[in-house]
Amino acid sequence: MPPEFFLDRNPGRRVAEGLRACGWTVHRIGEVFPDDGQDVADEEWIAHGLDRSWVPLSRDGRIKTRDLEIRPVLEREVVLFYLRSRSGAGLG
Numbered sequence: 449m450p451p452e453f454f455l456d457r458n459p460g461r462r463v464a465e466g467l468r469a470c471g472w473t474v475h476r477i478g479e480v481f482p483d484d485g486q487d488v489a490d491e492e493w494i495a496h497g498l499d500r501s502w503v504p505l506s507r508d509g510r511i512k513t514r515d516l517e518i519r520p521v522l523e524r525e526v527v528l529f530y531l532r533s534r535s536g537a538g539l540g
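Per our numbering, the sequence shown starts with residue 449, numbered consecutively.
If you're looking for bench data, these hints aren't it; they were derived computationally from the structure. Just so you know, nobody snuck in bad clues.
Cβ-Cβ distance ranges computed for the label pairs, FRET-style:
(1) A469 with E523: 30 to 36 Å
(2) E525 with Q486: 26 to 32 Å
(3) E525 with A469: 29 to 35 Å
(4) D515 with R468: 29 to 35 Å
(5) R462 with D487: 22 to 28 Å
(6) V480 with E523: 17 to 23 Å
Backbone N, C-alpha and C define an ideal beta-carbon position, used for all residues, glycine too.
Start from the sequences and build out the full structure, keeping to the hints where you can.
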């Protein structure tokens, strides 16, 4: 079964649209939480997605350096994908 991705706010719609155009299932934080997920802590949205077997994807490199935020990933021994490029090049 192919993975489903759960995108933080910061990759944006362009990345979500590109992944969807490639046939991937994508859930955006703003589609799952009210107010575009603005008040949702990183550890909360990450755990929410992981509980559903969705692969978290973010541009926020600080997550990996903050114990509370990275804890859901480490506890489940899974990965969080971090996008470094802001261009979204190569998607779609």
